[in-house]
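Here the protein sequences come in this chain order: H and P.
Position one of the first sequence corresponds to residue 1 (the UniProt record's numbering), numbered consecutively onward.
Position one of the second sequence corresponds to residue 1 (the UniProt record's numbering), numbered consecutively onward.
What the hints contain is simulated information worked out from the structure, not anything from laboratory work.
Be careful, since some hints might not be right.
To be verified - Output of the computed footprint for chain P on chain H, the stretches with three or more beta carbons under 8 Å from beta carbons of chain P:
1) 81-93
2) 126-139
3) 166-178
4) 258-264
5) 271-283
To be verified - Have a look at the derived ranges for each label pair, beta carbon to beta carbon:
6) H:Gln-302 to P:Ile-55: 27 to 33 Å
7) P:Gly-108 to H:Asp-393: 41 to 47 Å
8) H:Asp-393 to P:Glu-275: 32 to 38 Å
9) P:Asp-59 to H:Asp-59: 35 to 41 Å
10) P:Pro-92 to H:Ser-310: 31 to 37 Å
11) P:Thr-357 to H:Lys-41: 54 to 60 Å
12) P:Glu-95 to H:Asp-59: 40 to 46 Å
13) H:Gln-302 to P:Gln-301: 50 to 56 Å
14) H:Gln-75 to P:Gln-75: 16 to 22 Å
15) P:Gly-108 to H:Glu-163: 52 to 58 Å
16) H:Glu-329 to P:Asp-133: 52 to 58 Å
17) H:Asn-156 to P:Asn-166: 42 to 48 Å
18) H:Leu-203 to P:Gly-380: 57 to 63 Å
Unchecked claim - From the derived model, a few chain P residues whose C-beta atoms are all more than 10 Å from chain H:
19) Lys-32
20) Ile-39
21) Asp-133
22) Asp-165
23) Thr-177
24) Leu-279
25) Gln-301
26) Ala-322
27) Phe-336
28) Leu-338
29) Thr-357
30) Glu-360
31) Arg-398
32) Thr-411
Heads up, the beta-carbon is just placed ideally off N, CA and C, and yes, glycines get one too.
2 protein chains.
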Amino acid sequence: MAQQRTVVEQGNSGLGKQAGRVRFAKRTDRMKASEIREILKLMAQPDFISFAGGIPDPDLFPVEEVRIATERVLQQSFRTALQYAPTEGYGPLREWIAAYMNETFGLGLEGADVLITSGSQQGLDLIGKLLLDEGDVVLCESPTYLGAIQAFQPYNPRFIEIETDNDGMIPESLESTLAAYPEAKLLYAVPNYQNPTGRTWSLERRKRVMEIAARYAVTVVEDDPYGELRFEGDRLPPLQAFDQQGQVMYLGSFSKVLCPGYRVGWTAAPKVYLEKMVLAKQGVDLHTSSINQMIIYEMLQQQSLSAYVSRLIGTYKERRDAMAGVLREKLPELKFQLPQGGLFLWGELPEQWNCRTLLENGVQHKIAFVPGGSFYPNGGHEHTMRLNYSLSDEQRIREGVGRLAALIHSTQA
Amino acid sequence: MAQQRTVVEQGNSGLGKQAGRVRFAKRTDRMKASEIREILKLMAQPDFISFAGGIPDPDLFPVEEVRIATERVLQQSFRTALQYAPTEGYGPLREWIAAYMNETFGLGLEGADVLITSGSQQGLDLIGKLLLDEGDVVLCESPTYLGAIQAFQPYNPRFIEIETDNDGMIPESLESTLAAYPEAKLLYAVPNYQNPTGRTWSLERRKRVMEIAARYAVTVVEDDPYGELRFEGDRLPPLQAFDQQGQVMYLGSFSKVLCPGYRVGWTAAPKVYLEKMVLAKQGVDLHTSSINQMIIYEMLQQQSLSAYVSRLIGTYKERRDAMAGVLREKLPELKFQLPQGGLFLWGELPEQWNCRTLLENGVQHKIAFVPGGSFYPNGGHEHTMRLNYSLSDEQRIREGVGRLAALIHSTQA
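Excised from the complex, chain H in its bound form (with noise of 0.2 Å):
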């Protein structure tokens, strides 16, 4: 490796020792595996089918463009997109992304409203450093993003969790939960066909909640990755457009509609947030990847985003629909809501049954789900699961719902 051979003088050393008095932090009592993600593991196999990921398919990846994309950013400008980089991000991405948001929602975002994360998935994390302290309260939907839980955790939040139902969350139970805990810091909302319920909140539910939450100067978190893939109905406004007091964080992202390998998301928020979520980002690592962003811009502009989409969503919707009529004629048992875009299925089966137990009978008949218990911050409702329909093709679907229900109707609730 080296042009002069290394000094060594002695061989490996306290690696393979488990120092077992690793004095670590409080907060890391709540860090635990997931038993799911371990379970999981052992089903990554090909004969497996997995309803389980929140992933697109890679099949309907943009390689072509992603391909040209990157030959001219290398082209015109490597310097820049291989060197380090601001940590706002790429100036014309941020441009774009607000000229987008307006366009879409008729707000009046300008690229500096933009901060450019790795996934949104920091975001969550960004703010849960600039928000949280221990003992804070956080609302969210019952049940809400798993990976939300996991961002938010590590801060010490009290999780609350708000009442919903198929129209989204229910204003009397965030009004009634908002008199009790005044003082709440966050609340926590995927209106845009949710993961895991794949739910939309009507628009009378997204201005409802927006007064409440007006009342109360709490910051809303708006998290909106899978807004673009709708298969049918309205899009509706985010709650971003209903407000009126600058605590509306929006968390967009390039996973579902471009490709997840980049890890290119974005929070829109007043600049009083973003300023410090800047100053937190810094410290995170520094930005995120320079060339990654620069040959997202690249992409978009070699067709608008909403080509890109209409290419993913006439296949998902046919996959949305193959999975609920094999559902109503295999496991009619399960009972669910046809979902208006998004990636996931969400069933609920007779109270008496436990999804975490089934799951794990799930490897002798090679079918994998999320027990949907995982996405409630307090625990119960194990009669549930979330069931994903972007990565299999209809063959597949209608192959794993069989399973699916094979499983079920060999086991004891």
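Based on the hints, put chain P in the right spot on chain H.
Leaving out everything else, chain P in the frame of chain H:
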């Protein structure tokens, strides 16, 4: 954008409003915009000469190798490269890193001992998250890397500086400090071509520091981004080679030897640390860009790391020599030691000088550097400065040092 027009009921919105009453977490009190960063932004103009950054010369980036590697990755495995990926990192790259460290340092690592991070800066944040409770003691060199201070500070530790000289950390100072703070959580060190001082620890010092650290069972964080950039002298083994207890976490990076734009670094550490670090990273950004990891791996298949490095060190050594020569000639009142590698030269003016004030006046002379006081977590030492020589060619170095001399000679101490 959307296939049907969005229902937009109102224009913007609260984004312009600066909610003055945002209740940030207590930890953000210490997140302040660096005044230096602000000054340096002003200086980012082409006729400025900046010795401030710590960045590689982009004209030396291996752009052809990047192009070939990208093409291969997209050709052979775009489905994996553009998809979500395991938090731990790309398996073949982890194996490569383990083999490289084993060959270079005589260690006995496996791929499983390595976590890929989004730059080694992310390793620092994750380590802070893992280990630091409020008030915990962090020991560091005096001075130390500014980015480590920024990464650890949000976890509210107490920084205690250990005295250093030209051979590195002074064991007697470490010993007496640990006797006073036996519960110290973490010892942070940059033993090779340190940022900011350019100093390299002697072999004897490495051994003695590890003997003392072993007695106190403090976690040692060894940050080694510059180790490969060696102009002369022996390559010395890392602290990790003297670790008998499994207490060293080693941070490496491809930013200085290939290019920073991919944001790919790593942590090699005992499993008891690494397992928790993976959990923390999962909540923070899910994983580091999959395509970037695969491109870096592919670049290392094309040629050895030492072949990439050998292009750099010839040029950087010439620039170091040029800067040292012109400094001796034009600015004899600036004391410095010649660094044996890396990117930085550390200068000390007589004690009555204040380099922050000097920098402010630098705007008129179109010259920038980093005031050394920034690298002392507990302040002081304002008569020092860090000068970078990697980014400017010899002519600009000569011109820049001339401006620096003119600045100093036209200013009252």
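Here's how the hints hold up against the structure:
Given a C-beta distance limit of less than 8 Å, the hint that chain P covers the region 81-93 of chain H holds, as 5 residues qualify and 3 suffice. Interface restraint, the region 126-139 of chain H with chain P: holds (6 residues with C-beta to C-beta distance below 8 Å; minimum three). Closer than 8 Å: that is the beta-carbon criterion, and the region 166-178 of chain H has 0 residues meeting it against chain P, so the requirement of 3 is violated. Evaluation of the coverage hint for the region 258-264 of chain H: fulfilled, as 5 residues show C-beta separations to chain P shorter than 8 Å, against a requirement of three.
Chain P is given as covering the region 271-283 of chain H, and this holds because 9 residues of the stretch bring a CB closer than 8 Å to a CB of that chain, at least three being needed. Roughly 30 Å separates the CB atoms of Gln-302 of chain H and Ile-55 of chain P, a value that falls within the hinted 27 to 33 Å. Between Gly-108 of chain P and Asp-393 of chain H the C-beta distance comes to about 45 Å, which sits within the given range of 41 to 47 Å. At about 36 Å, the beta-carbon gap between Asp-393 of chain H and Glu-275 of chain P stays in the expected band of 32 to 38 Å.
Range check, Asp-59 of chain P to Asp-59 of chain H: Cβ separation about 40 Å, and the 35 to 41 Å hint holds. Taking the beta carbon of each, Pro-92 of chain P and Ser-310 of chain H are about 35 Å apart, inside 31 to 37 Å as hinted. Roughly 57 Å separates the CB atoms of Thr-357 of chain P and Lys-41 of chain H, a value that falls within the hinted 54 to 60 Å. Checking the proposed 40 to 46 Å range against Glu-95 of chain P and Asp-59 of chain H shows it is violated: the Cβ atoms sit about 28 Å from each other.
As the Cβ distance of Gln-302 of chain H to Gln-301 of chain P is approximately 30 Å, the hint placing it in 50 to 56 Å is violated. Look at Gln-75 of chain H against Gln-75 of chain P: about 19 Å separates their beta carbons, and that is inside 16 to 22 Å. A hinted range of 52 to 58 Å for the beta carbons of Gly-108 of chain P and Glu-163 of chain H is consistent with their spacing of about 55 Å. Distance hint check: the CB atoms of Glu-329 of chain H and Asp-133 of chain P are about 55 Å apart, consistent with the given range 52 to 58 Å.
For the pair Asn-156 of chain H and Asn-166 of chain P, the beta carbons lie near 44 Å from each other, so the given range of 42 to 48 Å is met. At about 59 Å, the beta-carbon gap between Leu-203 of chain H and Gly-380 of chain P stays in the expected band of 57 to 63 Å. Its beta-carbon lying about 7 Å from the closest one in chain H, Lys-32 of chain P breaks the requirement of being farther than 10 Å from that chain. Every CB of chain H is more than 10 Å from the CB of Ile-39 of chain P (nearest about 15 Å), matching its label as outside the interface.
Distance to chain H contradicts Asp-133 of chain P as a non-interface residue, since its nearest Cβ pair spans about 5 Å, not more than 10 Å. For Asp-165 of chain P, the condition that its CB be more than 10 Å from all CB atoms of chain H holds, with the nearest at approximately 21 Å. No Cβ of chain H comes within 10 Å of the Cβ of Thr-177 of chain P; the nearest lies about 18 Å off, and the non-interface call holds. With a closest Cβ-Cβ approach of about 4 Å to chain H, Leu-279 of chain P is found to fall inside the 10 Å limit, against its non-interface label.
For Gln-301 of chain P, the shortest C-beta to C-beta distance to chain H comes to about 15 Å, beyond the 10 Å cut-off, and the non-interface label holds. For Ala-322 of chain P, the non-interface assignment is confirmed: its Cβ lies about 22 Å from the closest Cβ of chain H, beyond the 10 Å cut-off. Every CB of chain H is more than 10 Å from the CB of Phe-336 of chain P (nearest about 25 Å), matching its label as outside the interface. The beta carbon of Leu-338 of chain P is kept farther than 10 Å from every beta carbon of chain H, the shortest such distance being approximately 19 Å.
With a least CB separation of 24 Å from chain H, Thr-357 of chain P remains clear of the 10 Å interface cut-off, as annotated. For Glu-360 of chain P, the shortest C-beta to C-beta distance to chain H comes to about 21 Å, beyond the 10 Å cut-off, and the non-interface label holds. Every CB of chain H lies more than 10 Å from the CB of Arg-398 of chain P, the least distance being 23 Å, so the non-interface label holds. With 10 Å as the threshold on Cβ separation, the claim that Thr-411 of chain P sits away from chain H holds: the shortest Cβ distance comes to roughly 30 Å.
The structure shown violates the earlier hints numbered 3, 12, 13, 19, 21, 24.
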